[in-house]
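Visitor: Starting from two chains that each stand alone, build the complex the way the hints lay out.
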Amino acid sequence: MAVSSRDNRAGPDVLRRVGEASVLILISLADGPKHGYALIQDIKALAGVELGPGTLYGALDRLERLGLIESLPADDRRHPYRMTAPGAAALRVHLDSLERVSAAGRLRLQLGGI
Amino acid sequence: MDGPPTTRLVTTALRCYPARWRRRHGDEATELAALLIRDGSPPASVALSYLAGATREWLTPRPGRRLSAVACALLTAACSAGFLASTVPARAASTSPPPAYCRPAATAPVPDVGSAPTGQQLIIREAWDDRSC
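Residue numbers (my numbering), protein chains in the order written: chain A, 41 to 154; chain B, 627 to 759.
One chain only, chain B, in its complex shape (with noise of 0.2 Å):
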């Protein structure tokens, strides 16, 4: 793998299928992971698969198996869900441009005020400035 956070991502989300899966294929799963990624796969996506995949697995109807787990396990499937959405759109914000409305406002176009007197177009200024990101 091409790091800890991407060890961390994968490993978070194998730790949310049952203990029975995990000794079954948690060490080839994990190596499998290791492939997909120096394969060039994505290592949220990797990850995403096998939260989905733990979802699945809890969700399946199994003879024993209490409800109070599949809940905890859905909520822990959920919270990964979350950190995840907030770790990828964070890093790719950082590369793409910033929209229209965010830039300077320098820049940004003046709408036309025509012959209008000088207090309404500080008023139309003023609100064009105000626009937030």
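Isolated chain A, as found in the complex (with noise of 0.2 Å):
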């Protein structure tokens, strides 16, 4: 099974570029919008990843810029961010890729016999 870095059949994954924080974040908030608090908990109990707090907002601030999600109006002192529609998509073709080498991975571990 060949797997091609440059298979990009349903659009450039922009997500390729932007760090592991950030991938994350998109897969936390693509079962609703939340806030950094709640962010940091759930990627937490998702992956086991402790995102710093510099690191989250930094994170959100480059989701932001590249219109993946978009800050809601401030709950108290709280921002909630929401997935935009290019954010599900870009998710979405991150996610494809990363089945794609991973079942690659696996093919070629079984027929190595290791």
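No lab work stands behind these hints, which were simulated from the structure alone.
Just so you know, nobody snuck in bad clues.
Distance ranges between label pairs, derived from CB positions: (1) 107/A x 648/B: 19 to 27 Å; (2) 652/B x 72/A: 19 to 27 Å; (3) 648/B x 113/A: 16 to 24 Å; (4) 649/B x 152/A: 53 to 61 Å; (5) 146/A x 653/B: 40 to 48 Å; (6) 686/B x 70/A: 20 to 28 Å.
Cross-link-like lysine to any residue pairs, in silico, SDA-like; alpha carbons within 20 Å at most: (7) 84/A x 663/B; (8) 74/A x 653/B; (9) 84/A x 664/B; (10) 74/A x 661/B; (11) 74/A x 660/B.
Nothing here was measured: the structure is a model prediction, and the numbers come from that model.
Glycine residues also receive a C-beta, built at the ideal position from the N, C-alpha and C atoms.
Guide: Right under this line is the structure:
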């Protein structure tokens, strides 16, 4: 099974270079809007990764600049964030790409008999 | 938060961000830090995360930002990192036992000098006692 790094039939994988934190944030926002603290808690439960608050805000700003998420009106002092339609599309493309790589890796492990 | 030193660490780190960022996220970031510290995150690690974030924020190219402002921010971040580094190890050192060579000379092993004359033995002993911490 050949996996090409340029395999982008569903559009370019814009999440390839944004870093793991941004991808985890998008995955966390896939089931609804969340604010910073809820994102940190959800990502910890989901992936076992503890995002530092500095990393979180950096990733949120980057995703917002790319138009993949948007900030909702502040609830008290907290800004909830919501995934946009382009964000959902980008996440789908990225997850598809990860799935292809993962399947190829498993197949090669099987063929290698290791 | 659990006291003024903790508040000061996080506040200092948040001050390193550009004003535009502080206007947008400042209040929420302070509240988030308080929640994370309440949940058991070490205050120094929260402050360091914000410090790293502030450095990245300044280094991210934006239209209209002057080089001198970036240099000032880096200097502030470096000073704050130095302050944090000097605070954390000092606290850690006070709880850990001293290294073997810092123990009193009476309990330290004395090298075997065998049948060496008294003068040589004295020299070895002095050299052993002269180790500093």
